[in-house]
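Engineer: Chains as they are written, first to last, in the numbering used here: chain A, -3 to 402; chain B, -3 to 402.
Take these hints with a grain of salt, some might be off.
Because identical chains cannot be distinguished in the list, a pair is counted as satisfied if it fits within a single copy or across any two copies.
Below are the DSS-like pairs computed for lysine-lysine, each with C-alpha atoms no more than 30 angstroms apart in a straight line [said to hold, decoys possible]:
1) Lys5 with Lys49
2) Lys49 with Lys33
3) Lys189 with Lys216
4) Lys198 with Lys399
5) Lys295 with Lys216
6) Lys245 with Lys344
Treat the hints as calculated values from the structure; they're not laboratory data. The structure presented is a predicted model; accordingly, all values stated were derived computationally and were not measured.
There are 2 protein chains.
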Amino acid sequence: MNLDQVYAKLQEPSDKTICLLVLDGVGDIAVEANGWKTPLEAARTPNLDALAKRSALGRLTPVAPGITPGSGPGHLGLFGYDPLEFEVGRGVIEALGLGMDLKHGDVCARANFCTLDGKGIVTDRRAGRVATEITEEQCALLGSKIKKIGDTQVIIKAGKGHRFVVVFRGKGLEGPLTDTDPGHEGMAIATAKPAGNTAGQKKVAKLIAEFYKLALPILKGRKPANGFLMRGIAHQPAIPTFDERYALKAACVAIYPMYKGLAQLVGMTKIEGAHDIKEEFDLAIKAKSDFNYVFVHYKPTDAYGEDGNFPAKVKAIEELDAALPMLLAAKFDVLAITGDHSTPCPVKGHSWHPQPVLIHSAISGSDGLERLTEKCANSGSLGIMEAKYLIRHMQANAKMFAKFGA
Amino acid sequence: MNLDQVYAKLQEPSDKTICLLVLDGVGDIAVEANGWKTPLEAARTPNLDALAKRSALGRLTPVAPGITPGSGPGHLGLFGYDPLEFEVGRGVIEALGLGMDLKHGDVCARANFCTLDGKGIVTDRRAGRVATEITEEQCALLGSKIKKIGDTQVIIKAGKGHRFVVVFRGKGLEGPLTDTDPGHEGMAIATAKPAGNTAGQKKVAKLIAEFYKLALPILKGRKPANGFLMRGIAHQPAIPTFDERYALKAACVAIYPMYKGLAQLVGMTKIEGAHDIKEEFDLAIKAKSDFNYVFVHYKPTDAYGEDGNFPAKVKAIEELDAALPMLLAAKFDVLAITGDHSTPCPVKGHSWHPQPVLIHSAISGSDGLERLTEKCANSGSLGIMEAKYLIRHMQANAKMFAKFGA
Chain A
-3 MNLDQVYAKL QEPSDKTICL LVLDGVGDIA VEANGWKTPL EAARTPNLDA LAKRSALGRL
57 TPVAPGITPG SGPGHLGLFG YDPLEFEVGR GVIEALGLGM DLKHGDVCAR ANFCTLDGKG
117 IVTDRRAGRV ATEITEEQCA LLGSKIKKIG DTQVIIKAGK GHRFVVVFRG KGLEGPLTDT
177 DPGHEGMAIA TAKPAGNTAG QKKVAKLIAE FYKLALPILK GRKPANGFLM RGIAHQPAIP
237 TFDERYALKA ACVAIYPMYK GLAQLVGMTK IEGAHDIKEE FDLAIKAKSD FNYVFVHYKP
297 TDAYGEDGNF PAKVKAIEEL DAALPMLLAA KFDVLAITGD HSTPCPVKGH SWHPQPVLIH
357 SAISGSDGLE RLTEKCANSG SLGIMEAKYL IRHMQANAKM FAKFGA
Chain B
-3 MNLDQVYAKL QEPSDKTICL LVLDGVGDIA VEANGWKTPL EAARTPNLDA LAKRSALGRL
57 TPVAPGITPG SGPGHLGLFG YDPLEFEVGR GVIEALGLGM DLKHGDVCAR ANFCTLDGKG
117 IVTDRRAGRV ATEITEEQCA LLGSKIKKIG DTQVIIKAGK GHRFVVVFRG KGLEGPLTDT
177 DPGHEGMAIA TAKPAGNTAG QKKVAKLIAE FYKLALPILK GRKPANGFLM RGIAHQPAIP
237 TFDERYALKA ACVAIYPMYK GLAQLVGMTK IEGAHDIKEE FDLAIKAKSD FNYVFVHYKP
297 TDAYGEDGNF PAKVKAIEEL DAALPMLLAA KFDVLAITGD HSTPCPVKGH SWHPQPVLIH
357 SAISGSDGLE RLTEKCANSG SLGIMEAKYL IRHMQANAKM FAKFGA
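Take these sequences, add in the hints, and give me the full structure.
Structural biologist: Structure, rendered in structure tokens:
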């Protein structure tokens, strides 16, 4: 019996409510340029501080030591799905990011317009980074002319700049396939090849070849975006839902499409309409009557980390803290606050540094630590653990597990 | 895909330089007899202290909880090779310790002279611990008379006291085999038997039987060392080199042969000529222009731990600290300082207690801890992790890993 099976066997229904509040990329590192302080340390957070004093703390390794996760693996880990076991392809993540409602088995590809010369050689892999409006116009044109290939539906959606997404929806489709992006200018568009040798992958290879045959003539003469490249061609994997795996009816409150998409991937119901954290908390509190697990996603901490903007990241944390009493007043039985990974300002991107985490419930206990900071969390009772175990701690705090053995 | 495969897939070339400084056996335990202080705590180490304040700290479990490693597994772990997966036989370690240049497939045995009575019964398993000179003389004699058995080369090298090493070099040889040491006086020399049932092991069993047939008559009449026993009969395993595994060109600076040998086992280039830590640092700094990973080994901390000499171990740490600015001035991009295991003075030997570790780079961050001591390291952001992950953290700090997933 593997550990997931043990958890499943011990799992019992519960009337408790659970909330996971994710401050995207909140973890950071202390460096001299920032006065040896992390944003969590520099921020004034009276509400988080008071909560931290009454909570169990620790840090989460998103995937494995030294591995920096994308948003997909970062969130899957927090949702309790081992990111090494449940891999989600880049095409799928991109489609989720554009707010597309995917179905199991959909094959998705990241695509972008490029420039071809008269002989079909790629002369600019990004078509001069054409404006979003041109991409939207050309995607609409392609979409109006190519709706189906055989029994397979083709869905094309424009993204930002030269980027778009192509989704193939039909029977017996499977990824992954190799990119059609040759990786360098001066080469022809590559053929998408099955990464394995399955019938589903072969079917998709044929579909993509046919898609090029239909689409390139439509784009002919358009300058500079007269061709396109496809990458990260993958199908949406079959993932056991939150309900199946944890016996939890789960809702997601997020503003950005990608996080809603990742939550939907594991069967959460997305609750829409929020434009800021207060509205998010408001929706989360309302969801409490229909759901026993609510995931709330807060984006600004990550965005400012990516920018390397330390003062703005500090301010984003303070704004979250100011809104927090609203969520606390709703008294979820179990509340966890953490990030999906660190986005340290000095790195200006995601990193492997474990993110701090806090769990509060009537039986979480208190580690007697003053604040939810990286340094305090190092001494917490949760230790430095893989993110995939967070849900198990939350379930335990919700008294969802029977005793193991007598 | 296992985790090593994931790391391999994410690995990217880097122009950063990495240094691993190993203070052999530096970890220790605080006991009343030493004023509840460990040597690292008792030592005056202004340079290590200053570095620790700007670094990430933690502790390394050499193999697994409660397991005390020898020098082989201790170093393999630091080099990122799981000591449970990559086992190196004692015969191989012993040969490396004598500075022998081994080749893949060499079968090595620890041997020692013993005393036999007229009927071939072992009456003293250590031949009265004969002097090194006698062992040297008798090994030279055996070596001059037995150079080959069939197509296999036989290499005999004297060690200290009654100990020596026998290496068989040829085609299709494989270990391990059982010891010829019966374990007690009053018994005959045992037969070396294949531990498995492979053709290579069977070939070595025949070679060893033949070796005894040739060697015992040569030793006949010699008192008290007229026989010998063999233990730890093993072949040098095929281990992927540092370059293959980590895309790192690695060098080793050590004074004692065993550590050079262990480094060579994983494909490091040994750089010789140092007699003390200053000369070692000097060579390490020079190596920086040709190598992007340099391992520096410092022995005295272990030697004094083995002696149970607390003041001398404190002094060895202080001497290392005094030399440290030289290494720091060379500005390796990533520097890790740790032990290969603990050698606590109260234990007078290796132990399982996790050794403290420090990683310093531009993006290591600081845990705000005052010193590189066991107690401080307990509160570090690296947590208490298996030693095999150290290299992954060092690679991450050198920006050698692409993001996992989107």
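Engineer: Indicate, hint by hint, whether the structure satisfies it.
Structural biologist: Status of each hint after checking the structure:
no.: 1; hint: Lys5 with Lys49; in the structure: neither (33 angstroms within a copy, 41 angstroms between copies)
no.: 2; hint: Lys49 with Lys33; in the structure: both (20 angstroms within a copy, 12 angstroms between copies)
no.: 3; hint: Lys189 with Lys216; in the structure: within (25 angstroms within a copy, 72 angstroms between copies)
no.: 4; hint: Lys198 with Lys399; in the structure: between (48 angstroms within a copy, 28 angstroms between copies)
no.: 5; hint: Lys295 with Lys216; in the structure: neither (40 angstroms within a copy, 71 angstroms between copies)
no.: 6; hint: Lys245 with Lys344; in the structure: between (36 angstroms within a copy, 28 angstroms between copies)
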